[in-house]
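Chain A is fixed; fit chains D, G and H onto it per the hints.
Protein chains: 4
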Amino acid sequence: MPGNTFGQIFKVTTFGESHGEMIGVVIDGCPAGLKIDPKLIQKEVDRRRPGQSKITTQRKESDKVHFVSGLFEGRTTGAPLSALIRNEDQRSQDYSHLIDQYRPSHADFTYQMKYGHRDARGGGRSSARETAARVIAGAVAKLILRKSGIETLAFVSQVGSIRLEASLDQMDFSQVEKNIVRCPDARVAKKMIDLIDAVRKDGDTIGGIITGVIRGCPAGLGEPIFDRLHADLGKAMLSINAVKGFEYGSGFGGVELRGSEHNDPFIEREGKIQTVTNYSGGIQGGISNGMDITFRVAFKPVATLMKPQISHGTQGKRTVIQGRGRHDPCVVSRAVPIVEAMAAITIADHLLRNRTCKMQENQL
Amino acid sequence: MPGNTFGQIFKVTTFGESHGEMIGVVIDGCPAGLKIDPKLIQKEVDRRRPGQSKITTQRKESDKVHFVSGLFEGRTTGAPLSALIRNEDQRSQDYSHLIDQYRPSHADFTYQMKYGHRDARGGGRSSARETAARVIAGAVAKLILRKSGIETLAFVSQVGSIRLEASLDQMDFSQVEKNIVRCPDARVAKKMIDLIDAVRKDGDTIGGIITGVIRGCPAGLGEPIFDRLHADLGKAMLSINAVKGFEYGSGFGGVELRGSEHNDPFIEREGKIQTVTNYSGGIQGGISNGMDITFRVAFKPVATLMKPQISHGTQGKRTVIQGRGRHDPCVVSRAVPIVEAMAAITIADHLLRNRTCKMQENQL
Amino acid sequence: MPGNTFGQIFKVTTFGESHGEMIGVVIDGCPAGLKIDPKLIQKEVDRRRPGQSKITTQRKESDKVHFVSGLFEGRTTGAPLSALIRNEDQRSQDYSHLIDQYRPSHADFTYQMKYGHRDARGGGRSSARETAARVIAGAVAKLILRKSGIETLAFVSQVGSIRLEASLDQMDFSQVEKNIVRCPDARVAKKMIDLIDAVRKDGDTIGGIITGVIRGCPAGLGEPIFDRLHADLGKAMLSINAVKGFEYGSGFGGVELRGSEHNDPFIEREGKIQTVTNYSGGIQGGISNGMDITFRVAFKPVATLMKPQISHGTQGKRTVIQGRGRHDPCVVSRAVPIVEAMAAITIADHLLRNRTCKMQENQL
Amino acid sequence: MPGNTFGQIFKVTTFGESHGEMIGVVIDGCPAGLKIDPKLIQKEVDRRRPGQSKITTQRKESDKVHFVSGLFEGRTTGAPLSALIRNEDQRSQDYSHLIDQYRPSHADFTYQMKYGHRDARGGGRSSARETAARVIAGAVAKLILRKSGIETLAFVSQVGSIRLEASLDQMDFSQVEKNIVRCPDARVAKKMIDLIDAVRKDGDTIGGIITGVIRGCPAGLGEPIFDRLHADLGKAMLSINAVKGFEYGSGFGGVELRGSEHNDPFIEREGKIQTVTNYSGGIQGGISNGMDITFRVAFKPVATLMKPQISHGTQGKRTVIQGRGRHDPCVVSRAVPIVEAMAAITIADHLLRNRTCKMQENQL
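Residue numbers (the working numbering), protein chains in the order written: chain A, 8 to 371; chain D, 8 to 371; chain G, 8 to 371; chain H, 8 to 371.
Hint data in this document are derived by calculation from the structure and do not stem from the laboratory.
Don't take each hint at face value.
Pairs count within a copy or across copies, as identical chains cannot be separated in the list.
Stated by the list, open to error - Once the Cα atoms are required to be at most 30 Å apart in a straight line, the calculated DSSO-like pairs of lysine-lysine come out as: (1) Lys50 x Lys185; (2) Lys365 x Lys197; (3) Lys314 x Lys61; (4) Lys42 x Lys365; (5) Lys365 x Lys46; (6) Lys208 x Lys154; (7) Lys324 x Lys279; (8) Lys154 x Lys71; (9) Lys154 x Lys314; (10) Lys61 x Lys46; (11) Lys46 x Lys324.
For reference, chain A alone in the conformation it holds in the complex (with noise of 0.2 Å):
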C-alpha cells in the first residue's frame, strides 16, 4: 500500500525520479481562491536548489516550477493544484557503475528487497531530488497559512559539533538568509561553513541540526489521539530524506527535569491565555496553545562520499566504491526551506481539519 501522499485534507502527492524526465506535485485539496503568486512560490523552491552555494552539490539544476492545473485567473479552483519541474542535468552516466551495487546506508538495498527491481539511476525514487515537489507544495501551504497570521521559520542550529547556543527569543531569523549555512548568527555559521568545506575537501560528510519554529499558530490545532499536532509534525520531519529524529519543546534534554521545573505556568497576557516558560513547545495534548511550536530535526551525515568505502555488489562480491556524482557534503543548508514546507503543510491541513471539530452558528 502505497505512502506518496501527506495530509489529510490538504492532500500532497509527489512523482517523479531523480533522473526521469520531470517530478511533479499534486494538490488535492487546496481552499478556493487562494491567490497564487508563482514567484513567491519560485523563491521557495530556488532556496532549495542545488548548485546555489561551494557547500552544496554541483548539480545544475534551474528548477524552474511551472503550474499545470488547478488555477483560473490566477486564483486556485478548488480542483487539483499541480506543477511540474523538468530535471534538467541528468548525468545517468554517473551512476551506471552503481546497479551492480548496493550504497552503504543507501536505499539501494532496501528497494531492491522490497520491489525486487529498482530504478539505480541517482537513487531514483529514493533520492531528495523529490522534496522539490514537496517545496512547491509547502510554499502554497505558506501562502494559506499567512492569510492566518501563521509563519513556519527555520534555521541551522548544529552541524557536525559546532552548534548554536542562543536561545529562540533572541533570534533575529531575518539573518537566516544572509549566509550560505542558514544559521542567523554569522559567525557560527562562519565557524559552520569552513567545517562543510573542510569536510567536503575530504571527500567526507557530516551532520546536523535544523530548528524550526511556527509563530502565530492559533491555539486548537491537533486531532486526539493519533493525530497530536506534533506526532503529525514528527511525521512530517521524519519523512524527510536523512532525518534520524525529532522532538519538540523541551524534548530529550525535558527527561532530566523535574515536573515541578517543567510546567508551563498559564498567565493572562493582553488578554489572552498564556504560558511563562514554554518547554511544551506550543503544545499540549496534542493540541496547540497559542505559544510558538518549537521542534528540532536531527540530519545524519549524508551517505554519499567521495572517497572510497567497502560495499556489496547485488552477486554478493564485496567491492570498492566512490561517489562520482555531484553531491552534497552536508544537507542542513539545503533542508532548511524542506523542514518550513513540511512544517507548513502539517499546520495548513490541520488548520483545515479543525474548521471541522464543532458545531457552528452556520452549520455550513
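Same frame as chain A, now just chains D, G and H:
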C-alpha cells in the same frame, strides 16, 4: 477531522474516557484465522495496569479485557475485533475542583479552546488511560508478528539523569520484567527506583527515556515517500502521552559523525546481506533492511504534581492548585508495554501493507 | 484491507455479529457541542427493530441503545461517540444445522472463500443486524442536519409489482409512519401489506423499492471527481444488505429522454436560483444544487425461505434446506430507517467536508 | 475535503482541466514488476478519443499518452506511475459567451456555489475530458487483471428506447468494437446509430445504458461492510459524468421476483462450486462468488444542446443559450472504455486489498 484511528490496514480505533463507563478498542483489518489467547492479551494489559508497584499511581483498576466481536471458536474471522475494559475506580470527585481550572502543562486549556467545552473528569479523553486500549491492540499485533518471527521489545534506559550505558548487543532482555522500573540492569534499576521514590515523596515527578528494539523484522517493510517505516514508528511513539522526542539508529548523536564513520558497510553473513554496524537503526530509505530496528523515546515529567503550583482559572483568575488524585511520579515503567504495543501495531500494519507492493506469481 | 468504516470526516465504524454478545458503533468526527437526545436516537432504532409488526421477523430484541463514550453533560465532546446494543434473542441453535451448508444467495460461501472460516451463527457479520448500529449513527447525523434545516426522508414506493405512482410533490410524508409497511398512501399500503402477508404464508419472500428524498440541502455539497454526492450516496445505499440498485433524479428512466426534455431550466424564485424541473435529482456535476435530492433503492427478495430449497453442503454434497429462524418476508418496511440513516450519514459527512473547500475570511 | 482520488491501495488521482494545458493521472500503489506496453494503453485511450466517428464530438485531440514516472526498463518500480496528455484543441473562445451563464443541467451553477468562482473554459474540471486520465489508469489496471485471468467488458445495451434484448450468455463480445456505437449486435447497433444521428441533426441529445461484465473474477473480492464489491463498483460508475443509475445482477427488475425464483442454487461444476442462475450478479454479501459480475449503468442525455434553450445568467437575468462547441449527441459509445476502466480500477484495487485479509503461511 478526527484522529482516533491508527494504521492503514491493521486499523486501530480507541474510544472512551478516563472516568466514563468503559474504554474500548476496535481493530478493523486484523487478518482472519489468527488464534487469540486471551491470557496473553490480559498479561500485556496487566503490565500497563495502574497500582502495580510503589512507583506507579495507586488508582485501582483490574483492567479486565473483554472481547465482544470478531472471534469465532477462538480465531479471528476478519470482522472487526473489538474489546472493552470497564473503568472501576472512577473517583470523579477527585477532579471536581479542577473543572474551572486549567492545570499547567495538561490538555485542559487546549481541549477547551478546540472544542468549546470539555470532559473535565480525570482528563477525560486526554488521560493516559486511553493507552490501555492500545495495549490490547498491540498484544493482538504481537500475535501476528510472532507468526513471522518478529518481536517488539522495550525497556527503560534513562530516568532523570540516571542512564543505562550498556550497548544493545549486550542487553539481556529477559531481565526487563525482573524489576518494577523495567530496566534490564538490576544495579541501574535500583538507582532509578530510588530516584523515582524520592521524587514521589517530594510530591514531584521526573522524566525518562525508553529504548525500543524490533527483532526479526524482514527487509522490505516501509513505504516511500511519506510513510517511511521510521516516520510511522515516530508518529506512533509521539502519539503516546507525555512523549517529547523520537530518534532511531544513531539519532541526534549521529549528527556529529562523519559519513565515513556513520555509513554501515554491507557484509554477507550466512548467505544473508547484513550490515557491519547499525547506525541506520535497521531502516534505510524508510524501508527495513533486516537488521534490528532500534529507537529511543523521550518522556517528559508528568504534569500532575502532589505539591502546590500556580495555575489559571477558566474565568481568568490566578489560583493555586495541587493534585489530589492518584498519579504516576514517572511514567516510563508503565509506558514500556505501550511503546512495545505501538511498535507492534506499526510493524503489523506495514507487514500487511507490504503484501501489496509487487506483482506475484499468484495474483491473489 | 478492511471496510467497516463509512465517511471521511463523520466516520462511522460498526462492529459486532448477529449472534455475538453485542453490536456497537463508534462515530469518530462528530462535531463537539451537539446535544444528544437519547430518546430520539432510541426512537429511530425502534423503527428498525425486529418484531414490530406481522410483516417483519419475529425475533425479539429490545435493541436498547447504550452510549458509552463521547458525551459530557449530554453534549458531544469531540471524542469518539460510541454506543452498544446487546443481543438478547440469540437462538444460535436455529442455525446449527447450517454450519456445514452454503445457503443459496447468502454470504456463507463467499465469506468462507474469503476468510477460510466463518461465524455461521445467524450469518455472523453479514447479518442485517449490523444495520442497527448504522441507525444509531444515522440518528446522530440527523441531529446535525436538523441544525442546518436538512431532513432525510424515505418511504416504500414498491413491493413486488405493487407501485405507488404518486409524484413526490404531492407526497404527504407525515403518513409514512401511519402504516406498518411505511408507504404514505394508505390504499397502496394495504395492497403491499396483503401481498407481503400472502408471500409470508407461502414461506416465500418478495423484493421492493424505497424512495428517498433529502430536503433543505444547501447548494454546494459533494466533491469532484470521485466523491460526487450521488456517488457517495449510491455507495451508502448499495452497502445496505439486499440492495441491488440505486438511481437518482431521472435515473434509468431518464435514458429514454432527449436532452431538450431532460434539462432542468434555471429560474429565480424568491431571490434564489432554482430549477423548473428536477430531473437532476438535486445534484449537478456531483454537487447539490439546493433542490430536493431524490433517489430510489432496489431491494431483492430476502434469501432465507421458510420452504425447502436445494442447497450445497460445504463438503460438496447437494442438500435440501429450509429456514428455521425468524426472518422477514420483505425487508423494505424495516429498511426505511436504514436508508434514511445512510442518507443522513452521507450528507452530514459532506456538510463537514464542505467546510474545508474554500478560503474564508476567518481562516480557522 | 477533496475527492480526486479513487481506490484504497491502487490509488488513482487525476488532475487537469478541459481547456488547461494538460490533464494527467498519478497511480500510487501500482505493484512493482508490471510490464507496461504503451501501445496497449494508447489503444484504450483511443477508444475514448473525441472525433472517432460521426456520432461523437468533433473536437480534435490526438490524446497521446506520455508516461513521466514510475517506470524503469519498461516495468513498474512501485513508485507513483504518472502520465500526461496534452490538450491540443482548446478553442476557449467557443465558451467565452458562457462565462456569465449557468448552462442548464451542467455543473456551472453548483461549482460557482461551492467554490465562489469557477474555470468556465469548457466546463473546466467538470468536463468529461477528465475521464481520459481514468482510461490510462484503467488500462494499467487491466494489465494487472490480465495476469490473474480477469477481464472487464462493456457494451452499449440501450440508446433512447432501442434495447438490445439478448442474454449475456449468448453475447459475442468480439463484436463490440465492430461498429461505432459499441453494441455487439449489428442490427440493433444500426438502429442505435440511426437514432443518434437523427437526434444529432436535431441539435438534441439522447441517453443510453451500458452493460458491464467482469469475467474470471475469483471468489473472495470485496470487503464487508461498507466496501462491498458492488458498492465500490457502484460508486465507481456513479462517478462517471452523466451517470444517473447503477444496478447489478437482477437489479431493479429483481424486486418483482419472489425469493424462491431469485435465489441462485449452488451446484458443483468441474470441482468448483458455482451457481445455476446468476441473479446475484456474481456478488453475494458484497463479496465475489466466482461467477460473472454483471451490472448496468444509466447515462442521461448530454446537457449541451445545439438548439436554443432558456437559461439563467449569473447576474439573475433569463437568457437564451445555444451550444456552440463540439459535443456528443449521445455519450454511451465513448463511455464504454470508461466503464471498463473504472471496473478494472475497482477490481484491481480489491484484488490487492484481498491480499491482506487473512493469515498466511508466509506472513509476508
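Okay, which hints does this one fail, numbers in order?
-> 2, 6, 9, 11
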